[in-house]
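*Asks:* Listed below, chain by chain, are the residues.
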Amino acid sequence: MTSSILFKSLPVSLLYCILLIPIPLYFYWGIVNQLGPDPLRFLEHKYGELGLIFLLVTLSISPLFKYVKINLVRYRRCIGLVSFYYIVSHICVYFFLDIGLSIDILLSDLQKRYYIIAGFFAFITLIPLALTSNNFALRKLNIKTWNKIHSFVYIAIILSIFHFILMSKTWTGELYFYTGITILILILKIKSTKLYKKLSTYSNADISK
Amino acid sequence: MKILKYSDVTPYNFYLNRRKFVEALGLASLAFVPTPTLAKKSYSTNAKPNTIEEITNYNNFYEFGTSKTDPAKYAQSLTTDPWEITFEGVSQNKKKFDLAEILKGKAIRERIYRLRCVEGWSMVIPWMGFPLRDLINELELDNNAKFVAFETVYRPTEMRGQKRATLDWPYREGLTIEEALHPLTFIATGLYGKELPNQNGAPFRLVVPWKYGFKSIKSITKISFTKEQPYTTWSSENPREYGFYSNVNPNVDHPRWSQATERVIGEGLFGERRKTELFNGYIEEVGDLYKGMDLKKYY
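Chains as they are written, first to last, in my numbering: chain A, 696 to 904; chain B, 310 to 608.
Please keep in mind that the hints were generated in silico from the structure rather than gathered at the bench. Please note: incorrect hints may appear among the correct ones.
Taking lysine to aspartate or glutamate pairs in the EDC-like style, the calculated list, with each CA pair at most 20 angstroms apart, reads [unchecked claim]:
1) Lys864/A with Asp477/B
2) Lys606/B with Glu537/B
3) Lys864/A with Glu546/B
4) Lys807/A with Asp562/B
5) Lys584/B with Asp793/A
6) Lys377/B with Glu869/A
7) Lys382/B with Glu869/A
Please model the complete structure; the sequences and the hints are all you need to start from.
*Replies:* Written out as structure tokens, the structure is:
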């Protein structure tokens, strides 16, 4: 009970602040060399991982409401945008610090490296979602169009998880965990689509005959 | 004392912290008397070594977990004393040796090598130990040995990472006999003048400075001399990405990333990348081993 009161009373603007603090904080720790022997890789991976986590949280909000009756819907836009900011930070570390602004390396990575290709397209897919995650766009756009744009998030999560799998040397515990959550979210999503419902009514009808 | 050479590169005083270890080395080697080999400076790099904190907190040792910080956290559970090493493919009667027997009479020296990881980073490490060939020369090898195979200890009760099938345990690596006999090929038993920390492959590990780090197998418990090219863990796990030779080569990319440059551990967030050198800078020393070999094919 207390937790749900807390959720209800937490203003969205405060949530933005809390969730975004790690971005400058980790960067500061990186500058003062508090991120271990390999601060660059740490920062790059941390931003990427947090981006993925927040993306998964965003996608969990609708099944959480549907199956567990936990209503976090009013925080969905905030968490989704936070995820996007982490992903932007992740890409900034890659471009500015990791490859040192080299367009040559960027282009060769985009031709040869499957995990970078997957990650790049995941990011591209998320841009229209980020741009329309505001009341102005919601008013301007027809709700069907808006919903269609925002269903791209499922493409983005599939690409993101591939990005993670393809860059890994082996199947680690984290990788199993994030892939598992992604698969669960996708299954629940598929089950809620009209097409799936239609098909299952047909097959149920077949069985009852 | 010649030992001062060591203090040029390290804040640590030269000492061995375990009496047992000193005893194991035998009286003759107690003082680490400089040998002619030590004078051959070219084998060590002049680069400034990484700090002990960096070297002992950034390790790939999947036997203790896949994160770089796992080995420092969990490697203390490995018992490194007593330690036995079994030899196969040798004709002498005795095949199993206690580590102390192996170390007896070996002139322990320092070698500062740059370790280039296949993942695209490098660090400079002041090892203590002896060339592998000092050991091989004491053995009676079977006549037609062409390769040397190494095996890491398999002890899931002490190595928590081995409880999961991350890799096909035990970890195995191998070299050609020519590579194994090369004076650069080193057995490390110490680091920064002290005993080798567990996370760095205690008590007995290989260091092959012109190959990617994963060839330098840790915590060795078995050494076999074979006719056929032995099974090696990473090249079997993913043959397209990791070859048997795995010589450091900036011109042969890993399928998923470039090997042209490397991140230098210890240079901080804004550190510049370093240009990777062919054979990690040892082309003069090891170039002849691969004369006429297509390094793109035999990566």
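*Asks:* Next, verify each hint and record whether it holds.
*Replies:* Do the hints match the structure? See the list:
1. Lys864/A with Asp477/B: With a Cα-Cα distance of about 14 angstroms, the restraint between Lys864/A and Asp477/B holds, given a limit of 20 angstroms.
2. Lys606/B with Glu537/B: holds (19 angstroms)
3. Lys864/A with Glu546/B: Answer holds: Lys864/A to Glu546/B is near 10 angstroms, not above 20 angstroms.
4. Lys807/A with Asp562/B: holds (10 angstroms)
5. Lys584/B with Asp793/A: holds (14 angstroms)
6. Lys377/B with Glu869/A: With Cα atoms ~14 angstroms apart, Lys377/B and Glu869/A stay inside 20 angstroms; holds.
7. Lys382/B with Glu869/A: holds (18 angstroms)
Violated hints for the displayed structure: none, as all numbered hints are satisfied.
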